[in-house]
Every structure is written in structure tokens, then in C-alpha cells.
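First to last, the protein sequences are chains A and B. Quick note: the first sequence, position 77, residue 78 per this note's numbering, numbers continuous. Quick note: the second sequence, position 6, residue 7 per this note's numbering, numbers continuous.
Hints listed in this document are in silico derivations from the structure and should not be mistaken for laboratory results. Treat the hints with caution; some may be incorrect.
Identical chains blur together in the list; that is why a pair holds if it fits in one copy or across any two.
Said to hold, decoys possible - Derived DMTMM-like pairs (lysine to aspartate or glutamate); straight-line CA-CA distance at most 20 Å: (1) K90 to D49; (2) K7 to E48; (3) K99 to E167; (4) K176 to E102; (5) K90 to D45; (6) K23 to E106; (7) K22 to E154; (8) K95 to E106.
2 protein chains.
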Amino acid sequence: MNNRIKVLFLTTNFHKFEEAKKIFSNYNISLRQIDYPKIEIQSDYLEDIVSYALKNIKVINEPILVEDAGLFINYLNGFPGPYSSYVFKKIGNKGILKLLENVHERNAYFMSVVGLKTRKNVIKIFKGITYGRISRSEKGSRKFGYDPIFIPEGCSKTYAEMTINEKNKTSHRSKAFKKAIDWLINNLDNI
Amino acid sequence: MNNRIKVLFLTTNFHKFEEAKKIFSNYNISLRQIDYPKIEIQSDYLEDIVSYALKNIKVINEPILVEDAGLFINYLNGFPGPYSSYVFKKIGNKGILKLLENVHERNAYFMSVVGLKTRKNVIKIFKGITYGRISRSEKGSRKFGYDPIFIPEGCSKTYAEMTINEKNKTSHRSKAFKKAIDWLINNLDNI
């Protein structure tokens, strides 16, 4: 009997799927990407954005995951936060570094919110946070969003200087996905 | 017979209501503010944000207006655009001026999108654009959003240095609202 869990991940972002796939590959769960766009509301809370997106997905035959993440920079009152992806497209890491020019306080955190909708229409939310700081310049070859300017606490490298497996050891996204996996494994009868 | 048109304006923003009221007061239309929050999606297009908000308003007894506006700065690829209000809360005019420090190209435009939902559930969209430039520093006492750093084309004053009536002569918002008013007056049987 093959009771391998099958889960869908709704995302148009290749990097996110790549990271998630590596995490799920350590468990007996098959993850498949579906990449149609979801409805994203404007909100200061990633949880609200993720819940709303899930509620507006039509019922499907497999449990489905969505994820939203943001970089929250202390000196900028949490900017770019839930709008990280838009801000990145527009002003990029250069814009963020400009806003922090001559600024000593460089603390920041990355937050990932993973939402799961089961076949029974139950919605669960899982959160992962990684604290760190904004580097003085862009570093690293894995150029995914703000990864070249974010150094996790206790590290000397930016996310972009790490391999995906290294990043997954400390990353906000892996923390949230691991919580989701933990719930999935413990709720096989309810998904 | 009193056939004065009655219209609701759904906004939590006092400044917007104040500007709109002055425009409507020149016509035979009564404008009333209702200020419960609306659903705003994330989109690069103000039209989509406004349409979605209107579609999700329950049917009411009077025609209802919503408005969304954004400042689009050329050098920043249209940033902050549809997220102007969030960006303002977080980095303010100081952040925008910082991003444009030593930048010669300061062209920008303000866009306002007014959406109207009639009692018959018809949705109409009206757009107003005012071109101009970003000033080198904040100027003016009417401190509403980016008004202290936006100088409309052909003017030497920022929006914030103008009275509301002066601003309404050139502003993106007044252009959009005047189009809405024009439509209302010409469609009395359909609203």
C-alpha cells in the first residue's frame, strides 16, 4: 500500500518551489508545483494575504499550499514587509541599500507564512521567522530577491552566498514549511 | 420635485473626502462619506484594485464611489505606484527623496482611479492623471501624503503649498471625479 502524501504548491516562483522541494524530499511527501496566479490582497499581515488567497482557491482533490514571505527592516518600520516582491521589482537591492546608506541600525527579519488548505477545506497557517541584518553591499551568486543583502543571525554569509541546502538550515521559509510538514504527517486522516 | 443625486464615497481617508466634497459641491450632487474598509488586492493596476473592491461591496441603495491613487516616479520604475499609501506610511517623503538623492531625472505622475457602482450593479471606471516632478525637498503646509514633494507640470508650487481649490484645478483626483460626475449627470436614469 502506497500512502505517500501528495501535496500541491501554488506558486509562480521557481526559486520558492526549488527550496520547498528540497525540504519535502526529506519526508515521504510528494510536492507538485501548480503555477496559476492567486488573489493577493493588500494587508500589513502576511497571514491575511495567505488566508484570503486560500479561501479563494476552488476546491481541489489534493491538499494545497501557498506561501508568502517578506523582509521586515527595523530602521524602515518594517518596510518592505508584505510588499517585498513589488518593492524588489521596482527599486531592487540597490534601493534598499540606498535607504540604509550611512545607517548603523541594520537589523531585519524575514518572515514566511505557509498556508495549507486540506481537501476538507480546513485552512492551517504556519509561520517561520529568521532574524538577521542587512549587509553593506550585495553578496553571493544565488540572486533570489533580497537574498544577496540578508545575513542571518550568527552567520557571516548572505543567503545568496549559501547553497539551497545551507539556506534551508536557517531560513524562514524552511521553518514554516517544516511546521506544515509536521502537521501533515500528524494529520494523515484529515488532509 | 427634488431630483438631487445622492452618492456615497467609501473611504477612510479624510483628505480624499474633503477634496471630493469640494468638487461635488459645484454640481447638484450630494456626497456622503461611509468609512468602512474595503478589500484591496495587490496589483500593478489601480483599475484592478478599484474594480475588485467595488465587486465585493454588498448591494446598497445608493450609487457608491471608491477611489485609489498612486504616485508613479519614472526613475524608480513607477514606484511607489499602487502601493503609495503603504510606502508612505513606512518610509515617507524622506525615503522617496533619499531614493532620488543626486538624481537629475525627477519626472513623475499622479494617477487617480475612481470606480462607481450603480444601484443596478453596473461598474464604471474613471481615470485622472497629472504629470509633474518630484521636488528637491518637502514644501507646503497641507501635509497629505506625497503632496509636499509633487510639483504639477507648469506650476512652481507643490500640491501641499496649494489650497484645496487650487489643487483641485490641476489634480489627478479632481480629473477622475469630474469624469465620474459627468457620467452621473448624463445617466440619471441608470444610476
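### Task
Measure nothing new, just compare the shortest in-copy and cross-copy C-alpha distances for K23 and E106 to 20 Å and report within, between, both or neither.
neither (34 Å within a copy, 45 Å between copies)
### Homo-oligomer pair classification [E106, K95; C-alpha up to 20 Å]
both (17 Å within a copy, 17 Å between copies)
### Query
Is the C-alpha distance from K7 to E48 at most 20 Å within one copy, between copies, in both cases, or in neither?
neither (24 Å within a copy, 38 Å between copies)
### Task
Go through the copies and call it for K22 and E154: within, between, both or neither, with a Cα cutoff of 20 Å.
Neither. Shortest intra-copy (25 Å) and inter-copy (52 Å) distances fail the 20 Å Cα cut-off.
### Message
My question is about K90 and D45: at a cut-off of 20 Å on alpha-carbon distance, are they close within one copy, between copies, both, or neither?
### Response
Answer is both: 19 Å inside a copy and 11 Å across each meet the 20 Å cutoff.
### Message
I want to check one pair: K176 and E102. Are their C-alpha atoms no more than 20 Å apart within a copy, between two copies, both, or neither?
### Response
neither (31 Å within a copy, 38 Å between copies)
### Query
For the identical chains here, do K90 and D49 meet the 20 Å Cα criterion within one copy, between copies, both, or neither?
between (22 Å within a copy, 19 Å between copies)
### Message
Cα distance capped at 20 Å. Does K99 pair with E167 within a copy, between copies, both, or neither?
### Response
Answer is neither: 28 Å inside a copy and 35 Å across each miss the 20 Å cutoff.
Violated hints, in rising order: 2, 3, 4, 6, 7; the structure is consistent with all others.
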